[in-house]
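Put the two chains together into one complex, using the hints given.
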Amino acid sequence: MKKLFIIIGLIFVILNFSGCYDYTELKDYTIVMGIGFDKGEKYRYRVSAELGGISGNSDEVRESQTSVVIHSEANSIPQAIANLTDTTGGELYFKSCEIAVIGNELCRDGCDDIIEYLLQSTDFQMKLSLAVANGKASEIFAVKPTVDNVISIELLKSIKTAKQELSSSRIISPYQAFNLSARNELVPLPLLTVKDGKPVTVNAGGLTLLKDGKTAKKLSTEDSVCLNFIDNEIERAIIECGNSGCEITRCSVEKENDVILISATALPLDESLSIDTAENEIKKRVERTLSTLHSLGLNENTRVQVCLKKADK
Amino acid sequence: MNNVTNSFGITEYNVSICKNIDDNISIFKEIFKDDDTIIMRPFRNKKTGIRFFAISVNGMVQSNEVYQSITAPLITLDFPTECDDLLDVISQEMVSNGDVKTRENISEIVCDVLYGDTTVFVDGCDKALTVETKGFELRSVSEPDSERGLKGSKEGFTESIIVNTSQIRRRILTSDLKFHFFRVGTRTNTLACVAYMDSLVDKRVLTELLRRISHIKTDGILDTNYIIEQIKDKRMSSFKTCGSTEKPDVAVANLLEGRIAIIVDGTPMVLTAPYLFIENFQSPDDYYLNFWYASVGRILRILCFFVSIALPSVYLGLVTYHSEMLPTEFMTTIAESTKDVPFPTFLECVFMLFVFEVLRETGVRMPDQVGQALSIVGGLVVGQAAVDAKIVSAPMVIVVAFTGIASLCVPRLTGAMLLIRLVALVCTALLGFYGLFMFMIGVLVHILGIRSFGYEYVHLSMRFQSFKDTFIRAPHQKMITRPRFAKDRIRK
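Chains as they are written, first to last, in my numbering: chain A, 1 to 313; chain B, 1 to 492.
Next up, chain B with everything else stripped away, as it sits in the complex (with noise of 0.2 Å):
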């Protein structure tokens, strides 16, 4: 059997399928070699001793489904036996499922059977016909985790591709909504879809973001991180140019602001596309809460994001190089409490906020039992211990915890702040404050030039439209645009 590689990096097997099912099962039997999660189920039909064969995965599908949908109306039914009216006859009279195909390619076969279809073979046709009978376990339908909120929809999205476009579906209800399917990964064949806005998304956006997924060469996508890295603008950033939700109305918002939704099954994570950088600083309840809340609460997360950049750099650069800046009473409080701590401020720093990191690290992964044990003893013994043991000093600690804590404001830079703050925090050991501001201008400089799909990733504009829904959240009322990606400005 010849089998070549498609667009999508997806096997085709080069075979069709023949008309003796002693072949069609010779085939199959090839193809699911080894593997004995397969059933294939030959049967006939008692009154006219038509053979018919069925495949499935064991575990995929709901046997019941098939019993009472395929085998058992195909047993003990009468009908035709030419051809092209028994598929026919079998797909509208006798097989009383939600969706049948007719198929004639083994890969869609292949694909189909392995998603938790039933394909039906019948003796002496070059087709076969697919039914749904997915019935592989899924869980259930629950509020995530990484985006808990505190009004709004407390529904998340699961690992089925199906439930996931369903939740999407039913929060907009117009035949608008598009959704388009594809297959990626060679070895996995995840299936994927698209979902926008016809009305409302740029078209040169959906091209290329299908441009580029087209040119994923991966064995396997277990989550939409392997296709977030391989279709980003600037992939070498630790900016995310795509936008990901495990919340169904964070992604219909997205969707009705023009943007493109892909989802993964195997997954809850979906992807929107064009991502800007103010979407790091924006959160569901915003637009839940009253507006003056939802303006404060977005201040202070941009707040705490130069917080978390940049306080451990100030505190160092401050003690180190400017100390006259420094008023006096301060300074002398932090002499003194520096002074038996034998390590530079620099290695102090470094040290704690890799001790944060740690505990930050470890609480992610630990059970919850021993999460909160955990944490206790993580603050008490590096909070007091080390202080009394003169390991660090007590301001270095206040200083880390409140940048640790800073950062947790802002979970969708997590990365970008470690790794910010890291740099700063050595540039600052290497120049003061002159070596902090040049950095931070190179990441200034490194953010205004990162695009996502084609858009600025910030947008610099004095317009009130602009500033709507970036540093403050305007009332509802006053939000009548949308962002400049989307076909239709207005919102109507």
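The shape of chain A in the complex, shown without the other chains (with noise of 0.2 Å):
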């Protein structure tokens, strides 16, 4: 009696709390790498989504090309994806998803609905980065990538590196911008800009600052590392002092009233750099920025004080 009530108590629990009938083969998946959002042409979203995992059936093909961008337009977003499904044939995977890039000319007039979508979706994963291009971010997704062999995965590597080696960056996730957004502050999202050359690549260094969903300001790459010193977002920064340069690392902010402390340590990388002329570089360059946000409506009477410590060698 005991073994039957055992397992007629492992049956409900089996049936209740078991998610894991939804078997499907890896091979049967279209895995999107990375996505962008534009504004349509003649529809009001162009979807743009980069497949990874193609090779071709020759050696060359296979060297060049492992993966595939394709397009689709719709008045909504999801019916754009649902599009993007009939052109493949087979079933969008998102969540390998690691990088969502919107389109200039959509974060002008309002991206809100994108970021909810993305957000709201279960089809992505919560770690998605998101960014905004310089112009298209079809025109991101076009560029042949010049190490990996998918775009979207260098894009991500240089965003990360332009966080972790220049503070010129961040990583922002649709929570996160969710979240700023709903307590009426801006919302900084690395900016990718196509630059011409050979190769043609993409510069993930700076920022565009949304505020109610819209591009407020786009922030160079010294603006960036100044508005990171701000929000205490500083791994390892290299400011420019004329001929000359000073390596910023552990940084801490601290406000107190209208003041901003930043406390850092730094290490001239020239022996006639002195550290006071490193701060007044510093303090100049982060009240140029903050001016900005002023004039932006936030961090108003807001003052600034720079100290910095020398480093040992």
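Just so you know, these hints were derived from the structure itself, not from any lab.
Keep in mind the model is a prediction, meaning the values are calculated, not measured.
All C-beta atoms, glycine included, are put in the ideal place defined by N, C-alpha and C.
One or more of the hints may lead you astray.
Derived pair list, reagent style PhoX-like, types lysine-lysine, alpha-carbon separation capped at 20 Å [unchecked claim]:
id	chain 1	residue 1	chain 2	residue 2
1	A	K3	B	K234
2	A	K160	A	K127
3	B	K217	B	K234
4	A	K2	B	K234
5	A	K214	A	K39
6	A	K284	A	K309
7	A	K95	B	K339
Here are some chain A residues the structure puts well away from chain B; computed CB gaps all over 12 Å [unchecked claim]:
id	residue
8	V143
9	N243
10	A311
Structure follows, in structure tokens:
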């Protein structure tokens, strides 16, 4: 009798708590590596998706290309994505999608609906990174990758490098963007710019500030570093001071009343560069960025103080 | 002749030795009717004329020994004619061999004769003398193939119970070591014995073991596994609750921990009981090598156990249900590898596991010369050609190969791992990781519920003395206690 109860209990638990009835082979999926949103020509939205894991039949094709970018347009994002599925003929797998790029024009008009869609959709993973294209998102995905086989991976790596090595970018997820927006704060998204040259590359330095879901200001690489100073997002930065430069590490920020106190460890890259000079230079730049924020209605009446400590070699 | 069966299932002859030697000859002719290997040699003393009759088995005795120790002295020498004195004089003064026993029971005489001894009957006496004259061919002591080691003794048990008991005796030179002989198997009458250290063994375990052995009702015992399956706890479980070894040093180590060894004639495998789950991961080399190296080896074996039972299921779960757990680049690699394979991943896995088991099984039975070629062919054919033909994917070949290699690291659990692996695979195919974890919990509950002769198969304790010889092998000077089933827990 006891065994019967245990068996019945087990079956009850299995039937009620199991969610693993969706058996699907990996080969039946079409993996989406990155997704882009632009303003459509005929319809409201144009969605671009980079599909990964594609290989040709010959060695030449296999070496040169392992991803394909497809596009579709519709008046709503879900419809556009459904049209993408029709294009491929297979089920699209978005859980590997690590970057979503929003086109400049769409961002200017407002991209709250895109962020909300990415947040609410269960197809996308939580650690998806958002970015804004300086032009069109489809142009970003059209760039031939130089190192990796997939442009989405290369974009993500360049954003991470810009954040960690230069502190000129950030990694923002739709969840974080939504939270900042809900608190009426500026949402800083990495700015992707196509750089002409041989080969054509994408630069991930710089930030786009969104206010109320619309582009408020584009910051240059220098201003982005200063913004990261203010928000205590500095990991490692190089500040140019005249002909020389200064490496900043171990930054801490305290906000007391209306004063932002920035403390950091600095290593001058040139013996002739003094700490005071570097301190003044950083203060000047941060104040300039602060005034930009003031013009956007934020951080009004806030002053900044910079205190640098020389690092041991 | 009315025969009865005793508590061990052995046939007993319900007839006594007669004083008339011709009657005795008739009895044994009846018992050994149609058996041409039996030598029945009547002879008489040339001085007194007393008649004798010796019975032995051709090929089981040393003929020279029989002649020199029994026949020749009894024919030529002088001795008194009174019955009791006669047997006494024969055993004390005439027969110069090692062991001489006086027998009154026909069943005992039959057993002795069939095992290579010679029994002598004297006309006018209702007792007989059994003289040890064993001379059958034995395999020499060699290293067992199934338990090769880097260091330590290279001796292994043989098929002779006498040689095996001597190998144990040589290593424990104390009267505390006891051997209790008995026979098992109604038709084979196989000689077996239990060995134990009197001051260390738990008498309740010994009593229970003997009780279970006495309940074995089978016609033949050809190997210790016949006994294991009939005395183990939880008989339907794939986990064994009796240990087995072919190495005398391992058997002796077990005896010194308070265990009981069961030695069966005709097989080099010796059983030990009680047996704990952690012993599946122990190796004799652990105690002959440096304790650091031994500890690493043991942890490796434990990890290999988990890899062997779970790796195919984890791969299946990741690929079919939980793809989001895979790094993107890895996922694209797997997707590209499996793109042109027409079979579902589950079938691929089952097929590859089946092929691996076939190769392993064939490798065991093939002659050495062919085995090597077969493994190369098997590896090339299965590994390379099947992948090229898109029958299986390359990641699957890697997963199954590593699973197979990991399973060879823990040879004592081969059967259990095979079963668990397959069922885990099915559960994962049905319910993903949820099914896998449910099944593993079930296996864990099963293992925790097993007992070996009254002692928990898995004993959970946080004390260091409990860990000293489980996940690691502590230095010898730190291993100061015996397992909990030993009567004397402190090693001294």
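The hints, checked one at a time:
With a C-alpha separation of about 17 Å, the suggested pairing of K3(A) with K234(B) holds against the 20 Å cut-off. Taking the CA atoms of K160(A) and K127(A), the gap is near 13 Å; set against the 20 Å cutoff, the hint holds. Distance hint between K217(B) and K234(B) is fulfilled; the C-alpha atoms sit about 18 Å from each other, no more than 20 Å. Simply put, K2(A) and K234(B) have alpha-carbon atoms about 19 Å apart, close enough for the 20 Å limit, and the pair holds.
The straight-line distance between the Cα atoms of K214(A) and K39(A) is roughly 14 Å, inside the 20 Å bound, and the hint therefore holds. For the hint linking K284(A) to K309(A), the alpha-carbon distance of about 17 Å falls within 20 Å, and the restraint holds. A hinted pair counts as satisfied when its Cα atoms are at most 20 Å apart, and K95(A) with K339(B) qualifies at roughly 19 Å. With a closest Cβ-Cβ approach of about 19 Å to chain B, V143(A) is found to remain outside the 12 Å limit, as its non-interface label requires.
Consistency note on N243(A): stated as away from chain B, and its beta-carbon is indeed over 12 Å from all of that chain's, at 42 Å minimum. No beta-carbon of chain B is positioned within 12 Å of the beta-carbon of A311(A); the least distance is around 35 Å.
Checked against the numbered hints above, the structure breaks none of them.
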